[in-house]
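My request is simple: use the sequences and hints to build the entire structure.
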Amino acid sequence: MAEQKRRFKVVIDGKSYIIIGDATDAHIQAVTQLVNEQLKQIKSLVPNLDDEQAAILLAINTVSDQLKQQATIEQLEKENKQLKQQSSASDDSDEKQRGN
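Position one of the sequence shown corresponds to residue 1 (UniProt numbering), numbered consecutively onward.
Hints are supplied without guarantee of correctness; some may be wrong.
What the hints assert, rightly or not - Cut-off 30 Å, straight-line C-alpha distance, at most; resulting in silico cross-link-like pairs (DSSO-like, lysine-lysine):
#	residue 1	residue 2
1	K78	K96
2	K68	K43
3	K40	K9
4	K68	K78
5	K40	K68
6	K5	K15
7	K81	K96
8	K78	K40
9	K15	K40
10	K68	K81
11	K40	K84
12	K96	K84
13	K84	K68
Claimed, not checked - Pair by pair, the computed Cβ-Cβ distance ranges are:
#	residue 1	residue 2	range
14	E37	Q69	10 to 20 Å
15	V35	Q86	36 to 46 Å
16	A55	Q29	13 to 23 Å
17	Q97	I19	52 to 62 Å
18	S87	D50	49 to 59 Å
19	V46	A89	53 to 63 Å
20	K81	Y17	35 to 45 Å
21	K15	Q86	48 to 58 Å
22	Y17	Q41	12 to 22 Å
23	E3	Q29	16 to 26 Å
24	S44	Q66	15 to 25 Å
25	V11	Q53	12 to 22 Å
Derived by calculation from the structure, the hints in this document are not laboratory data.
Yeah, the Cβ is synthetic: ideal placement off N, Cα and C, and Gly gets one too.
Here it is in structure tokens:
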């Protein structure tokens with residue numbers, strides 16, 4: 001059964017938005033807080049940016065972080081698969097030795 005979509009009213013950079021999704025209140029609050037913190041940081045580093053430019057920089061930073069994390073996940077999954085194969089091969093070798 002699909003989760004029911006919920007409506008969340010959030011304030012990002014002083015503006016109200018309605019977000020529709022199946023996340024928890026805590027998740028949406030955490031996301032909103034992080035977005036506000038990152039927008040504030042971007043605007044403090046480059047004060048002459050308008051809201052749209054700051055939002056685009058935030059989106060670029062977020063997607064960049066996501067791609068880095070995805071690459072890390074893929075590398076860890078590859079290493080995990082190799083370790084499982086090594087463990088399985090070791091187990092097979094141990095069983096053969098016990099059989100002799």
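Check your understanding: Which hint numbers does the structure go against, in order from smallest to largest?
Key -> Failing hints, ascending: 8 and 11.
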